[in-house]
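Listed below are the residues making up each chain.
There are 2 protein chains.
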Amino acid sequence: MKKEDRHQKAIQEIQAIRSKNLQANELANDLIGGSLSTLAQCITLTESSVPSDRKKAQEILQLVQPRAGKSIRIGISGVPGAGKSTFIEAFGVWLCEQGHKVAVLAVDPSSETGKGSILGDKTRMHELAARPDAFIRPSPSSGNLGGVARKTRESIYLCEASGFDVILIETVGVGQNETTVHGMVDVFVLISVAGTGDELQGIKRGITELADIVLVNKADGSNLPMAKAARQDMVRAFHLMPEKESGWTPQAQLCSALEKTGLSEAWEQIARYQEHTVSNGFFEKHRLDQLNNWLHDYLRDELWDRFLHHQEVQKQFETISKQVVSLKLPVATAAEQLLNIYNKD
Amino acid sequence: MKKEDRHQKAIQEIQAIRSKNLQANELANDLIGGSLSTLAQCITLTESSVPSDRKKAQEILQLVQPRAGKSIRIGISGVPGAGKSTFIEAFGVWLCEQGHKVAVLAVDPSSETGKGSILGDKTRMHELAARPDAFIRPSPSSGNLGGVARKTRESIYLCEASGFDVILIETVGVGQNETTVHGMVDVFVLISVAGTGDELQGIKRGITELADIVLVNKADGSNLPMAKAARQDMVRAFHLMPEKESGWTPQAQLCSALEKTGLSEAWEQIARYQEHTVSNGFFEKHRLDQLNNWLHDYLRDELWDRFLHHQEVQKQFETISKQVVSLKLPVATAAEQLLNIYNKD
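Top line first, the protein sequences correspond to chains A and B. Heads up: take any position in the first sequence, counting from 1, add 95, and you land on the numbering used here. Heads up: take any position in the second sequence, counting from 1, add 95, and you land on the numbering used here.
Think of the hints as simulated: they come from the structure by calculation, not from any bench. None of these values were measured; they are calculated from a predicted model.
Straight-line Cα separation of at most 25 Å, DMTMM-like style, residue types lysine to aspartate or glutamate; simulated pairs: (1) B/339 to B/328; (2) A/423 to B/121; (3) B/417 to A/384; (4) A/150 to B/431; (5) A/423 to B/384; (6) B/417 to A/154; (7) B/423 to A/260; (8) A/417 to B/392.
Given the sequences, and given the hints that come with them, work out the whole structure.
In structure tokens form, the structure reads like this:
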């Protein structure tokens, strides 16, 4: 679906809610009942910038929250070309066949600017998108990683309340996005490919430090020996890395999204990770930490937003920042003045 | 100097100021007069967490600011082992010999935790440290990059007002630090070495994207052919990169900090960069943008700080965040409640 079409669809969804004048509790009930169209509508509400929509979204979140939290949240990342989408399609279909309900959410702040690839697009995942037990949602469009992160976190809760027990959160392999996604998932899976020379560089460079499980994709045909070697290199590197807070030693496995091999092994590994971290208490602790961080991030963003929209601050901001850029006022003094205006009332 | 000694020295400096009861205007005059001990004392004041010290520091900054801004601010980064310190020592001494006054500031948020290498240590730069026309200041100790950045920005102004016309800002080669230092300098120099296999990886990975000038260090002895090849690779890569906002095509050059070669060529390149960006207006625009960003960062940090220290917020924070982690309250609703407490008075 093109961006304009998605935008159009979001408007239609919100209009549907408004025209039916559905209350938060009705929407929450439909959502819990498993209605995918209601789920889509509720996510659209959380993504809306209209205050009344956001308010309704919060009411729904509060109502459904007791039913949320009962999924495994899996972050999936990898450099472009590693085959993330193909893997998610194959893995998602396989999971559905095992009786799971699978939601795919994407985090890609660049999608609005048109520079990056738009992720989570249903057109890339025909087979998965066609299943009634799967739900695919593209990245909320917003230039700002903080905004995208907030909306995605809320979407996770809505999907869980709607009965999805596996949440796949896809992101592109560019540093900051990964850290953000890492902050909202239980387990982080990196899709890698052999032969790009990136494997060990990646490990050195830190992105792989986030990974709990690395899947060396495209382990098929003539690629297989190279993939095996890459996996060996990773296993060795993992053993040299400092121990993670989770107490888990990262694992590297082979898979082929194309030939649909290594999927059950990947799931087994994720299950092993969950077992390990649930039993040592890290799983629960990690989720609590994430909630606390989310609250902090939210407060920081919202404080800044309120400050910028404060009437008197808005009046004075330009004058004072002009004095700063003309070097008449040191930054700290200028900040002090603006903060005193804000805190006066 | 060890960390404890530095801490001791800072206390002595502040006590000296207090015991002499020197007013901001006296300190500002001494600073402008070129007293290095006063410069050190003033920097210590900006780094102090005592409100009256910070207040005096701001008064000094306001008094000396008209004399600041007349230097070239050069960011210097590179992976550990690239020879940053050796280069800065050699380059700094060479610049002093040409009649410049050189200040070296370090940005290394990790220095407090003891994990990273403590930068800007005078013991590593004997020759430069001994010169009366050089000033070396280690990284302000603080676990927080924002705090370190603020203090370093203020130190730049103090050094400039004190007559230093070349400010070298050293940082370790780890992503986030570089971006921060990039936000406070006019030109960004990357020290690189051949043969680590990092050259092109670095270019792919984005750190090198910040660089205006790359110096391939250790271009001496048997290393020379490899350094030349690495330089060629970089030049090619730079031509494939999208044009920078500055309109400047990054340059790669050879140097040997050990044999003190390539130093005048490095300076020439920096001068060419300055000429280029001054004439197309980018230099000025960039500095104004930096001041605006600085003001924004400062305001955001300070807002958060005031919020956290608000009496009523402090009282309620724990109760409300407990409701969040027990999933009784959605994050946005909890944030709303806390913000309303804060904004009530």
